[in-house]
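**Student:** Below are the chains, spelled out letter by letter.
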Amino acid sequence: MNLKITNISKKFKGFELKDINLEIREGEFFVIVGPSGAGKTLILEIIAGLLKPDSGEIYGIRNKKIGFIYQDYMLFPHLNVFKNIAYGLNIRKIDKDEIKSRVENLALKLEINELLQRNVANLSGGEKQRVAIARAMAISPDIFLFDEPTSALDRNSRIKTQEMFIKLHKKTCSTFIHVTHDFEEALSLADRIGILINGRIVQCGKPDHVLNSPVSKKIADFIGYKNVFGGSIENNTLNINNLNIIVPIERADFAYVAIRSDDIIISKNKIESSARNSFFGEVENFFKKSSMYEVILNVGIRISIDITRKSFEEMDIKIGDNLWATFKVSSLKVFKH
Amino acid sequence: MKFKVIFSFLGFLLILFIGIPIVKMMISTDPSTLVLTSKEPEVYLSIFLTFRASVWATIIALITGVPLAYLLARREFWGKKIIEGLIDLPVIIPHTAAGIALLTVWGRNSLFSKATGINVIGTEISISIAMFFVSVPFLVNAAKDGFKLIDERYEKTAITLGATQCKAFFTVSLPMVKKSIISGSLMMWGRGISEFGAVIILAYHPMTAPVLIFERFQNFGLKYAIPVTVLLILISLIVFIFIRIFEDK
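Protein chains in written order, with the numbering used here: chain A, 9 to 345; chain B, 2 to 250.
If you're looking for bench data, these hints aren't it; they were derived computationally from the structure.
None of the values given here were measured: they were computed from a predicted structure.
Treat each hint with caution, since some may be false.
Partial pick of chain B residues on the chain A-facing surface, computed with a CB cut under 10 Å [as the list claims (entries may be wrong)]:
no.	residue
1	Gly20
2	Thr161
3	Val173
4	Pro176
Counterexamples of contact, computed for chain B against chain A with all Cβ distances above 12 Å [to be verified]:
no.	residue
5	Phe4
6	Ser9
7	Thr30
8	Val56
9	Ile83
10	Asp89
11	Leu90
12	Asn110
13	Ser111
14	Tyr155
15	Thr158
16	Ile160
17	Gly222
18	Lys224
19	Phe241
Cβ coordinates follow ideal geometry from the N, Cα and C atoms, glycine included.
Work out the full structure: start from the sequences and follow the hints.
**Tutor:** Structure (structure tokens):
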């Protein structure tokens with residue numbers, strides 16, 4: 009049965025959710041992504057039944073077992089690893105031998121079988137997380153809720169954890185609802201993404217679709233579009249700082265156009281091609297990134313362009329160089345607000 | 002280095018202030034007098050009574066005060082500040098005044114006494130009542146501060162794992178604040194033992210140790226009051242040091 013969230017609103021301790029509507033399919037890996045303070049944890053706590061919404065309903069949650077994994081894991085400090093994992097089973101008054109075998113089984117799967125008698129305070133971040141997952145898994149939840157589980161981890165552990173989540177999702181066939189502020193993480197995990205900004209779900213869809221078609225400036229900013237320009241459009245042209253950008257819509261009193269940094273080509277000479285937007289400008293700055301360079305070119309407006317390290321070195325780009333930036337009309341996204 | 006010297010010196014001054022009167026009183030007492038005094042039924046019975054009455058008060062405070070402390074730490078409700086003020090009140094009002102206030106409720110002509118026909122004044126119960134009133138803030142505040150330090154999400158996690166709110170409280174929150182509650186109970190118990198003002202108004206007899214000390218001083222002078230005082234201090238000191246050692250383990 010799908011999980012259906014309808015018209016949920018809630019004000020709580022300075023956070024606010026406004027009219028949330030979402031349908032999450034059974035067995036789906038759904039990621040809610042948004043900046044901090046957007047109300048992500050609040051949604052999870054409402055789904056888990058820990059908080060009552062001010063209004064709205066959730067369907068398909070009754071009698072469902074929930075595995076909630078908080079950001080800092082919330083391992084009970086007065087219980088050792090074994091007793092933490094066994095907590096939900098003890099509550100259900102399951103037979104002692106049964107508990108022992110189930111806990112040991114889970115610990116083996118999550119590679120924490122050596123830690124069972126350890127005090128939880130002495131575990132590493134990654135170990136704590138696996139104990140928290142084992143504790144949730146012990147009750148065989150129908151729905152897993154993850155509250156920013158990777159935000160406290162370093163890059164390497166984060167990637168490992170993401171791989172583990174994907175495996176876990178495949179194995180358990182449970183519904184996963186995961187919240188994060190990291191859009192990259194959402195892209196690599198999600199079947200579908202919901203973007204939460206200021207307490208509202210502002211866009212929802214498959215990762216590629218959200219990435220390629222943001223529906224507002226706020227979303228474009230959040231998911232990493234560096235080139236977003238606003239102005240009036242006439243005759244398929246947006247005029248900004250005396251620069252005429254050819255755009256895919258005919259006219260608008262006001263609209264934003266956005267283009268991804270890697271959809272722009274940079275060159276020393278003007279390229280004769282089907283791409284209709286070509287501008288000449290001066291390199292103002294550049295930033296080295298892990299596998300590429302971001303070049304800031306001032307063509308009347310500042311545009312950000314990503315190029316590979318190899319191209320950057322071959323072109324021998326320096327601050328003050330004069331270069332061309334070229335992009336297709338079809339790679340521009342247009343939105344009204 | 003300078004820092005350490007100055008801090009140690011200031012701390013040392015404080016220790017002298019508390020320590021000198023106690024040590025001086027102890028060395029001025031002949032050990033054989035102490036032994037004799039401890040064998041007087043009036044003396045050891047009053048010390049037992051004092052410790053026991055304070056234990057009753059602390060037990061009642063644990064049963065009623067811990068739930069209150071939990072609510073004060075976790076929930077927002079109308080009148081919370083008023084309740085918190087009320088809890089702190091016994092610490093600042095003169096304890097004789099507390100005794101008088103208690104008399105209006107538990108006294109021989111009070112509604113309680115008339116309605117039930119029970120007289121508690123002048124009994125061990127009234128001693129516990131007086132001790133409870135003046136020392137309960139120590140337990141409630143310690144427990145409240147303890148609960149406040151515990152992230153609410155521990156309980157929420159327990160609830161998602163299938164615990165009821167009540168079960169989550171007893172299996173998660175309570176064990177996590179055990180230390181605060183134990184140390185609050187000890188403070189309350191100790192404060193109860195030392196209570197004089199409220200106790201003497203509700204029960205001159207049976208005599209608690211502080212009242213006995215006062216009576217001996219009043220009727221027979223300093224010389225007779227000192228052995229009882231030293232005895233009470235020694236026993237309290239031993240008990241508290243033992244508890245602290247036990248607590249650390």
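**Student:** Work down the list of hints and note, for each, if the structure agrees.
**Tutor:** These are the hints, each one checked on the structure:
The interface hint given for Gly20 of chain B is violated, since its Cβ lies 37 Å from the closest Cβ of chain A, which is over the 10 Å cut-off. With a cut of 10 Å, the hint placing Thr161 of chain B at the interface with chain A holds, because the nearest CB-to-CB distance is about 4 Å. For Val173 of chain B, the interface hint holds, since its Cβ comes within 10 Å of a Cβ in chain A; the closest pair sits about 6 Å apart. Annotation: Pro176 of chain B was flagged as interfacial toward chain A, and the flag holds, the nearest CB pair being 4 Å apart, inside 10 Å.
Separation of Phe4 of chain B from chain A is adequate, the least Cβ-Cβ distance of about 31 Å exceeding the 12 Å criterion. Residue-level check passed: Ser9 of chain B sits 32 Å from the nearest beta carbon of chain A, beyond 12 Å. Distance check for Thr30 of chain B against chain A: the nearest CB is about 45 Å away, which clears 12 Å, and the non-interface claim stands. At roughly 26 Å from the closest C-beta of chain A, the C-beta of Val56 of chain B stays outside 12 Å, upholding its exclusion from the interface.
Every CB of chain A lies more than 12 Å from the CB of Ile83 of chain B, the least distance being 23 Å, so the non-interface label holds. Consistency note on Asp89 of chain B: stated as away from chain A, and its beta-carbon is indeed over 12 Å from all of that chain's, at 26 Å minimum. Distance check for Leu90 of chain B against chain A: the nearest CB is about 30 Å away, which clears 12 Å, and the non-interface claim stands. Annotated as non-interface, Asn110 of chain B keeps its C-beta farther than 12 Å from every C-beta of chain A; the closest such distance is 50 Å.
In this structure Ser111 of chain B is separated from chain A by more than 12 Å, as the shortest Cβ-Cβ distance comes to about 44 Å. Here Tyr155 of chain B does not stay apart from chain A, with its beta-carbon only about 5 Å from theirs, under the 12 Å limit. Listed as outside the interface, Thr158 of chain B is inconsistent with that label: its C-beta sits roughly 4 Å from the nearest C-beta of chain A, within the 12 Å cut-off. For Ile160 of chain B, the shortest C-beta to C-beta distance to chain A comes to about 6 Å, within the 12 Å cut-off, and the non-interface label is violated.
At roughly 54 Å from the closest C-beta of chain A, the C-beta of Gly222 of chain B stays outside 12 Å, upholding its exclusion from the interface. For Lys224 of chain B, the shortest C-beta to C-beta distance to chain A comes to about 52 Å, beyond the 12 Å cut-off, and the non-interface label holds. Residue placement check: Phe241 of chain B keeps its beta carbon more than 12 Å from all beta carbons of chain A (closest about 25 Å).
In summary, the numbered hints that this structure violates are 1, 14, 15 and 16.
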